[in-house]
Each structure stands twice: as structure tokens, then as C-alpha cells.
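Colleague: So the protein sequences, as listed, match chains L and A.
According to the numbering used here, the residues represented by the first sequence are 29 to 226, in order.
According to the numbering used here, the residues represented by the second sequence are 29 to 226, in order.
Hints may contain errors.
Identical chains share a label here; the pair holds if one copy fits it or two copies do between them.
What the hints assert, rightly or not - Restricting the straight-line Cα-Cα distance to at most 30 Å, the calculated cross-link-like pairs of lysine-lysine (DSS-like) are: (1) Lys-156 with Lys-142; (2) Lys-107 with Lys-142; (3) Lys-142 with Lys-64; (4) Lys-43 with Lys-142.
Hints in this document: simulated from the structure, not taken from any laboratory.
Protein chains: 2
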Amino acid sequence: MLPPSLESAITHLTKLPTIGRRSAERLAFYLMRSPKQQVEELAAALVRMRENLRRCSRCHNITEEDPCPICRDDRRDTKVICVVEEALDAIAIESAGHFRGRYHILGGCLSPLKGVTASDLNFDSLHKRIESESVEELILAMNPSVDGEATAVYMSQRFRPRGVRITRIALGLPMGGTLEHADGQTLHRALEGRRDVE
Amino acid sequence: MLPPSLESAITHLTKLPTIGRRSAERLAFYLMRSPKQQVEELAAALVRMRENLRRCSRCHNITEEDPCPICRDDRRDTKVICVVEEALDAIAIESAGHFRGRYHILGGCLSPLKGVTASDLNFDSLHKRIESESVEELILAMNPSVDGEATAVYMSQRFRPRGVRITRIALGLPMGGTLEHADGQTLHRALEGRRDVE
Numbered sequence: 029m030l031p032p033s034l035e036s037a038i039t040h041l042t043k044l045p046t047i048g049r050r051s052a053e054r055l056a057f058y059l060m061r062s063p064k065q066q067v068e069e070l071a072a073a074l075v076r077m078r079e080n081l082r083r084c085s086r087c088h089n090i091t092e093e094d095p096c097p098i099c100r101d102d103r104r105d106t107k108v109i110c111v112v113e114e115a116l117d118a119i120a121i122e123s124a125g126h127f128r129g130r131y132h133i134l135g136g137c138l139s140p141l142k143g144v145t146a147s148d149l150n151f152d153s154l155h156k157r158i159e160s161e162s163v164e165e166l167i168l169a170m171n172p173s174v175d176g177e178a179t180a181v182y183m184s185q186r187f188r189p190r191g192v193r194i195t196r197i198a199l200g201l202p203m204g205g206t207l208e209h210a211d212g213q214t215l216h217r218a219l220e221g222r223r224d225v226e
Numbered sequence: 029m030l031p032p033s034l035e036s037a038i039t040h041l042t043k044l045p046t047i048g049r050r051s052a053e054r055l056a057f058y059l060m061r062s063p064k065q066q067v068e069e070l071a072a073a074l075v076r077m078r079e080n081l082r083r084c085s086r087c088h089n090i091t092e093e094d095p096c097p098i099c100r101d102d103r104r105d106t107k108v109i110c111v112v113e114e115a116l117d118a119i120a121i122e123s124a125g126h127f128r129g130r131y132h133i134l135g136g137c138l139s140p141l142k143g144v145t146a147s148d149l150n151f152d153s154l155h156k157r158i159e160s161e162s163v164e165e166l167i168l169a170m171n172p173s174v175d176g177e178a179t180a181v182y183m184s185q186r187f188r189p190r191g192v193r194i195t196r197i198a199l200g201l202p203m204g205g206t207l208e209h210a211d212g213q214t215l216h217r218a219l220e221g222r223r224d225v226e
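In isolation and in its complexed conformation, chain L is listed as follows (with noise of 0.2 Å):
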């Protein structure tokens, strides 16, 4: 029998995704040796996180401020709009630090498997955006993947006709891969999207 106090830390950590009862009491047995402020620091650090984020009501990207800072930057492109499923996707396309257009987070893909229809997914904001803010381009950034490519029909079926362009990312190889190991998905799309060397 476990002291009750560190049995409701581990049942606590269990409920996190990828934390079994092995790591959480790996976890818990750590913390517990570890400097009493250390665990306040992790607690409240959750906590306030927890506390201040919010969606952007403009492009629903997690932001402790609304609009968040890109939808406020003046400096940005209004005219392009890169559309992503998730808040994670614009956070990695930001740290590549080459896009200066803004975001729009869809919230998922259409998956008939998952019971995600459009009107789960920010469809409609985006749809007032693009007349509100004049948007003339929307990147389709969705995941590579059959309801990723799925969504990027849907969403091309209904926002052409707005007269905005619609483009979608590039899908090949990645840099370093090998066209030995590439699936030949990735190859069939690698040679359809070539280009002409400069």
C-alpha cells in the first residue's frame, strides 16, 4: 500500500496521454526526492498555462492574447492564409521562419471514419475571413494523408468559387530521405510535382 498522497499523484499522471502506471510512478518517485520548489514551479506552471491560453476568435491558434500576435502584426501578409488541422502544425511552419502570410486552424480534417464532418472544423470563420480580411491565396497545409487530401478537395470545392487561389504544399521527399526507403505514394507525388532546374 502506497502512502495515499503520492497513490493520488500517480493516479493523477496516469490520466496524461503516453504516461502508464510504470512512468507515473517513475515520475511521481522523482519528484518526490526533487526540491520542494521544483514541484511548485511544474505545478503552477501548469496551472498558469492552463489559465491564460486561449483560441485566437480570428484564426483559433492557441494565444494568451486575442487576436493572438500574428492576427495583431501589421507587418504580415493579410492576403495569403495558410490553412493547418492543428495549432502544433502553425507553431512548426512558424519555427521554419520562412512564411509571412497568417494562419488559420481548421481544428482536424474531415474523416467520415472519425465522425468529423465540416461543421466541426473552422470552416465558416474562414469563409467570413476570406471576405472580410480580401484574401486572395489559401495554402492547404493539412498532413499528407487521405482525409488530409480529402479536406483539401472539400475545401477547394467551396472556397474557389470565392475567387481566392488555392494551393497546396508541396508533397515529396523530404530533405535527407532516400528514394530507396520512400513509400510509393510519396514517389508517385515526388515525380508528379518536378519541377524545371533553373
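Assemble chain A onto chain L, guided by the hints.
Modeller: Chain A in isolation, oriented as in the chain L frame:
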């Protein structure tokens, strides 16, 4: 650039063992989307655990009260002490549910390589217990490793002259184990420790 409160939560999570940057991001994103109450309860459970847990002044096990419930339990055999490396080991034996004596947590094993000497471990307090609790048997339940064996030899030499019986837990094949996959040392110990079939 991540919102500061998210970045701070991730930084604190990466300080935990086995949690890298990617895992920390995933945990933080999960918590961000969890009900506020769940995050607050997790944070409170961690702080409460660190606050409440201490070492038993008698056996060095982790406990909320000193002495620990096992040391205070009069129905347990005071004449037998099971010596283990860490509190987790005592918990494992306790969960197995057969041992009715008491424990002594060494806090590790003698290890010249890691610089752990006798003065780093809880030998002196064990020495005192042997005298004050009229202990008759010490069961050495350190892990079957080079350091564990060396510690067993050291303890045997140190405590046998006190007139106490010194035993070592059996080393052999685990339940469900196969001879085919057992290592040579284990097979050697299993043969050496053979017993007459009743």
C-alpha cells in the same frame, strides 16, 4: 514563438526524467485542452505529495507519518527485517503480499564505480535496530547485480558477528521464464540453489 505560459510549462516538464522536448509539448497541449479542474487537481496532487511525504526515521521507507504504518503495525514480525535498496523495492515485496516482517531501506548499494561507500547507505541505523529491536534474521533483498552481491557480502561480514541470521533471497529462473533464454549466471544460480522435491 510559443505563448510564454506554454513555453514555461514545456520547460518545466522537460526537467522530468524520460520527458524530452516533444513529449513535453504533447503533454502541455493535452493539458491545455483538458478541463481546468483536471489540471488544477494534477498540480495540487503533485504539491501535496511533495509536501506530505517523508522518510520513516526507523526504516527509511517513504511515508506520510513517522514511524511508517509498517513499523507501527504490532501484528508484524519484529524479528525479521527485509533489507532492500530503494523504497520501490519494499513496495514491490509488500504488493506481493506474503512478507509479514519489517523493512529497512538502504538507499542504494555499495558501488566503487559510482563512488557509493558504506557511509552513504543506511547501515548504521540498521545496526542500531538489530540491537534495539532484538532482530533475529536479516533477509538481504538487494537486486541480483554485481553491486547487490557485493553489498550482501559486506553486510554478512558486518552483521553476522552480532548473532543475527543472514539470508539472501533466492536467485533463479523467474516464473514463466525459459531455460533457453536465461543467462549463464542465472542458470548457475538456479542449479546451485536447487531444492529437494517434496
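Colleague: Can you give the numbers of the hints that this structure goes against, from lowest to highest?
Modeller: Going through the list in order, the structure violates hint 2 alone and respects the others.
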